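If you want the building blocks of each chain, they are given just below.
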Amino acid sequence: MAERKLRVMVAKPGLDGHDRGARVLARCFRDAGFEVIYTGCHQTPEQIAAAAIQEDVDLVGLSCLSGAHRYLFPAVKKQLVERGADDIMVIGGGIIPDQDFQYLYDNGIKAIFTPGATLDSIVEWINNNVKPRE
Amino acid sequence: MSNPENESEDMEKVKKIKAGDVRTASRLIRNLEDGVKEARSTIKHLFPLTGKAQVVGITGSPGAGKSTLVDGLVEQFRKRGKTVGVLAVDPTSPFTGGAILGDRIRMQRHAEDSGVFVRSLATRGALGGLAKAVGDAIHVMDVMGMDVILVETVGTGQQEVDIINHSHTVLVVLIPGMGDEIQAIKAGIMEIADVFVINKADREGSSKLRREIMAMLDMAPPETFASGWRPPIVRVENAFEPDSFGKSMEELTDTIAKHHEHLVAKDLLGSRIRRKAAVELHEAIRSCVLEPILNHLVAEGEIEGMIQKLMDKKTDPYTLAEEVARRFLKEGV
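Chains as they are written, first to last, in the numbering used here: chain A, 1 to 134; chain B, 1001 to 1333.
Okay, chain A solo, but in the shape it has when bound:
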């Protein structure tokens, strides 16, 4: 019978060209057996949401090192919900102060990974928390 494969989008919203982390993660997700759609830098929340729906991903991973995560991460989630795709999970990573975590959780971001998080821990979290759709 059919084998479900996890599809993950890695995206960098906003004015932030520091994509090394996002690329490392994309590679690491590939090695974990996921299909990874990488959309590059300077994406608007609208672009990311539209692409996530066109690609039918299970998870969107956002990377932000510019400090604008409080605006950008929830904006992506909001765009997904508005487009009827509230089942697509959103997680984030980057330079994110501890005091912002709760705000992001409250706005639909399911997990946050900051510098020091190991690649294995991120993959493990995904494997435990994201199931490809039925």
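Simulated from the structure, these hints should not be mistaken for laboratory data. Remember, predicted model here, so these are calculated numbers, not experimental data. Beta carbons: idealized from backbone N, C-alpha and C, even for Gly. Please note that a few of the clues may not be correct.
[Claimed, not checked] Just a few of them, taken from the derived set where beta-carbon distance is under 7 Å, the chain A residues facing chain B:
(1) His18
(2) Arg20
(3) Cys28
(4) Arg30
(5) Glu35
(6) Val36
(7) Tyr38
(8) Gly40
(9) Ala51
(10) Gln54
(11) Asp56
Use these hints to put chain B onto chain A, whose structure you have.
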């Protein structure tokens, strides 16, 4: 097979896809990729509605600039009032089964244009330069009402020519600097081009490449171009110079249109559609006949025993296969 409940669900999906609903369409493509059985039944309902879209294949070696060209073509077709579907294929890792699908990076400026639908596919073990689900994904986009569907293959070598089975027009993208290697790729991929694109033509060696393609075409047997179409060569320079790049893209789009007109005028479109139909039938027979039998043998653990017998030289592969055929096929072949 036809369960009334599925039937109405299928009709609902068909209705949504016909109305251009991206969510339903992308979900269906996902199910087709994953080999979900219900997806097959939806395709049965979609199939009669297909055949309107113009399908253009874009192939060439890794880094030749296929995705950038696709992005440029999307812009041109949109300017001409056409809706565009893009299917971009990237390779699956043979070791982990994972894949990085990065063609979208070059096309993200169209993400919010509702007249453009870009979908990335991983090869998942298919060897012909495409993914197995490409044929059906084309049908889905066709029914959505996409006027033009651009299919971008993985970066190809010489032999990945499956794209001809799905396209009305095939672009082969080449870049200068491959020098005499052109000689080596004369067979296979060089033979399937309806249009050659010399990309990055501002780089050194582009006139040499052009001469080599011309020489290759000159040497082709006369009947090759009997229908009156000799593959033209379109030069495309630096994509970072928007004016000149835009002009080249206009020329390329015109050339694609001319080729399509040629197919229609010479009554050749039918033979290309026939080719696709034949391939689809082969694929369908494979997935309805061969795969279930193999899956059964694997699931029952029989296959292991057979392999062991072969290793012990107790029998041979043909005898075993004939036994399987006798068991599963009612009428012998």
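How the hints compare with the structure:
1. His18: 16 Å, violated
2. Arg20: 15 Å, violated
3. Cys28: Result: violated, 9 Å to nearest chain B Cβ.
4. Arg30: With Cβ-Cβ at 4 Å, under 7 Å, it holds.
5. Glu35: The hint holds - Glu35(A) has a Cβ within 7 Å of chain B, the shortest such distance being about 5 Å.
6. Val36: 5 Å, holds
7. Tyr38: 5 Å, holds
8. Gly40: 4 Å, holds
9. Ala51: 5 Å, holds
10. Gln54: Check passed: Cβ of Gln54(A) comes within 6 Å of chain B, closer than 7 Å.
11. Asp56: Status holds, d = 4 Å.
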